[in-house]
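Novice: Here's the letter readout for the chains.
Protein chains: 2
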Amino acid sequence: MESTRLTLCDIGNTTFDFYREGVKEKIATADYELKKSEEKIFYICVNEKVGQELKNFPNWIDLKAFVDMKKYYETMGIDRIAVCESIENGVVIDAGSAITVDVVRKGAFVGGYIALGLSASHKAYTGISPRLDYSYNFEIDLDKIPKNSEDALTYAQVGLLYRDVMSYALPVYLTGGDAPELKNIFKDAVLDDELIFKGMKNIMKKADLC
Amino acid sequence: MESTRLTLCDIGNTTFDFYREGVKEKIATADYELKKSEEKIFYICVNEKVGQELKNFPNWIDLKAFVDMKKYYETMGIDRIAVCESIENGVVIDAGSAITVDVVRKGAFVGGYIALGLSASHKAYTGISPRLDYSYNFEIDLDKIPKNSEDALTYAQVGLLYRDVMSYALPVYLTGGDAPELKNIFKDAVLDDELIFKGMKNIMKKADLC
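Listed in order, the protein sequences are those of chains B and F. Just so we're aligned: 15 in numbering that gives the first Met the number 0 is position 16 of the first sequence, and the numbers increase by one with no gaps anywhere. Just so we're aligned: 92 in numbering that gives the first Met the number 0 is position 93 of the second sequence, and the numbers increase by one with no gaps anywhere.
So that you can see chain B by itself, here it is in the shape it has in the complex (with noise of 0.2 Å):
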């Protein structure tokens, strides 16, 4: 008898995020193999190869095909679409291998821009020089202009941020790896890690897929 629960799938550059009746499981890209079934999996995908190969599985049903478009622009990311579908007001942080910033506004996408991700810019400083080898400091007090080196990559990484965030004077949702890391810094925003397949649903529902 086929399943009549709903699967969702979030496929990233190096895993597939399964999500089914709200318990979520993560499958490595290289150790997933796809194969014909009758299981309908609802998906989004930013991976351009495996992009590729699942238009040879009709059971998998990519939901960027009912995202009304106009809303956003042409070159954004789908996972971007998929969390700011997930909310109405506010400005939602998804900090993984990038850090993406989208402001949303009684349901319309205002804009939003993609940092590098906290592990991506320590690489990229430790690259500049081993001078810049420090950890980020999640305790930094945000109100001074830093007198230290810790602080001093930390505020142009994340301070630069927080500020401009908090500018939009909104609510703040914090989705992905590295939203716990981020909630030391912004305290007051809901932290979420289900956004993504919250903005997966709306998709749907919006196109009467469930």
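Simulated from the structure, these hints should not be mistaken for laboratory data. Just to be clear, a hint being listed does not mean it is correct.
Which copy is meant is left open, because identical chains are indistinguishable; a pair holds if it fits in one copy or across any two.
When the alpha-carbon atoms are kept at most 27 Å apart in a straight line, the in silico DSS-like pairs for lysine-lysine are as follows [said to hold, decoys possible]: (1) Lys146 x Lys63; (2) Lys122 x Lys48; (3) Lys143 x Lys63; (4) Lys69 x Lys146; (5) Lys23 x Lys186; (6) Lys34 x Lys63; (7) Lys63 x Lys39; (8) Lys54 x Lys35; (9) Lys70 x Lys143.
Remember, predicted model here, so these are calculated numbers, not experimental data.
Given the coordinates of chain B, work out where chain F should sit on it, guided by the hints.
Specialist: Showing chain F alone in chain B's frame:
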């Protein structure tokens, strides 16, 4: 006869930058051979290896020894200190392999931070995903939140910096290899590629070395 002209040298990770009576000369570290000489050379150096070698050459005089370090902090780069010493009031942006931003009020160092240089951040983006291989757009309108990929990256690397720098309501000074590009964003900034040498001379004047 010993030359009486003043020779300054700013030693970075990859070059020796000489300054003699307003004339600059850049020599790659790999191409420069240290030799015993009578000529006094007043230098600053962030290159640890070269710094060690220079201790064997008594005609090379390290200006770091003449800085009033109480004004700064222990691990602060001497290149940053030198540009701070060049101004009495302002925000000085040194845009090289890293972008340092330092605030000076009434001759006192208030604090500063270290962002990634333009080429380091571009490289870091492409390391995350080839989809993020965009050039920065120095014509960006920073009054709007971006709605295209090029601006989304530019805003994160340059826009956030711009907003922070302007918030100090101080004159802005630009120096370093990428200063001309940043001048497109910081339109009212003073572009000065001799800032570091001016700072070195100020350190010497305070120490009665010239």
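Novice: Go through the copies and call it for Lys69 and Lys146: within, between, both or neither, with a Cα cutoff of 27 Å.
Specialist: Answer is between: at 12 Å across copies they meet the 27 Å cutoff, but 46 Å inside does not.
Novice: Tell me, please, which holds for Lys34 and Lys63 at an alpha-carbon limit of 27 Å: within, between, both or neither?
Specialist: within (21 Å within a copy, 65 Å between copies)
Novice: For the identical chains here, do Lys63 and Lys39 meet the 27 Å Cα criterion within one copy, between copies, both, or neither?
Specialist: within (15 Å within a copy, 67 Å between copies)
Novice: Checking an output row: Lys122 and Lys48, CA cutoff 27 Å. Within, between, both or neither?
Specialist: For Lys122 and Lys48, both the intra-copy (26 Å) and inter-copy (22 Å) Cα distances are at most 27 Å.
Novice: With 27 Å as the alpha-carbon cut-off, assign the pair Lys70 and Lys143 to within, between, both or neither.
Specialist: Between. Shortest inter-copy distance 16 Å satisfies the 27 Å Cα cut-off; intra-copy 38 Å does not.
Novice: If the cutoff is 27 Å on CA atoms, where do Lys54 and Lys35 land: within, between, both or neither? Let me know, please.
Specialist: within (12 Å within a copy, 70 Å between copies)
Novice: Taking 27 Å as the upper bound on the Cα-Cα distance, should Lys23 and Lys186 be classified as within, between, both, or neither?
Specialist: Classified as within: same-chain Cα gap 25 Å, cross-chain 49 Å, threshold 27 Å.
Novice: Up to 27 Å between alpha-carbons, please classify Lys146 paired with Lys63: within, between, both or neither.
Specialist: Between copies only: 18 Å across, 46 Å inside.
Novice: Regarding Lys143 and Lys63, is the shortest C-alpha distance of 27 Å or less found within a copy, between copies, in both, or in neither?
Specialist: Between. Shortest inter-copy distance 26 Å satisfies the 27 Å Cα cut-off; intra-copy 43 Å does not.
Hint check: no violations occur; every hint is consistent with the structure.
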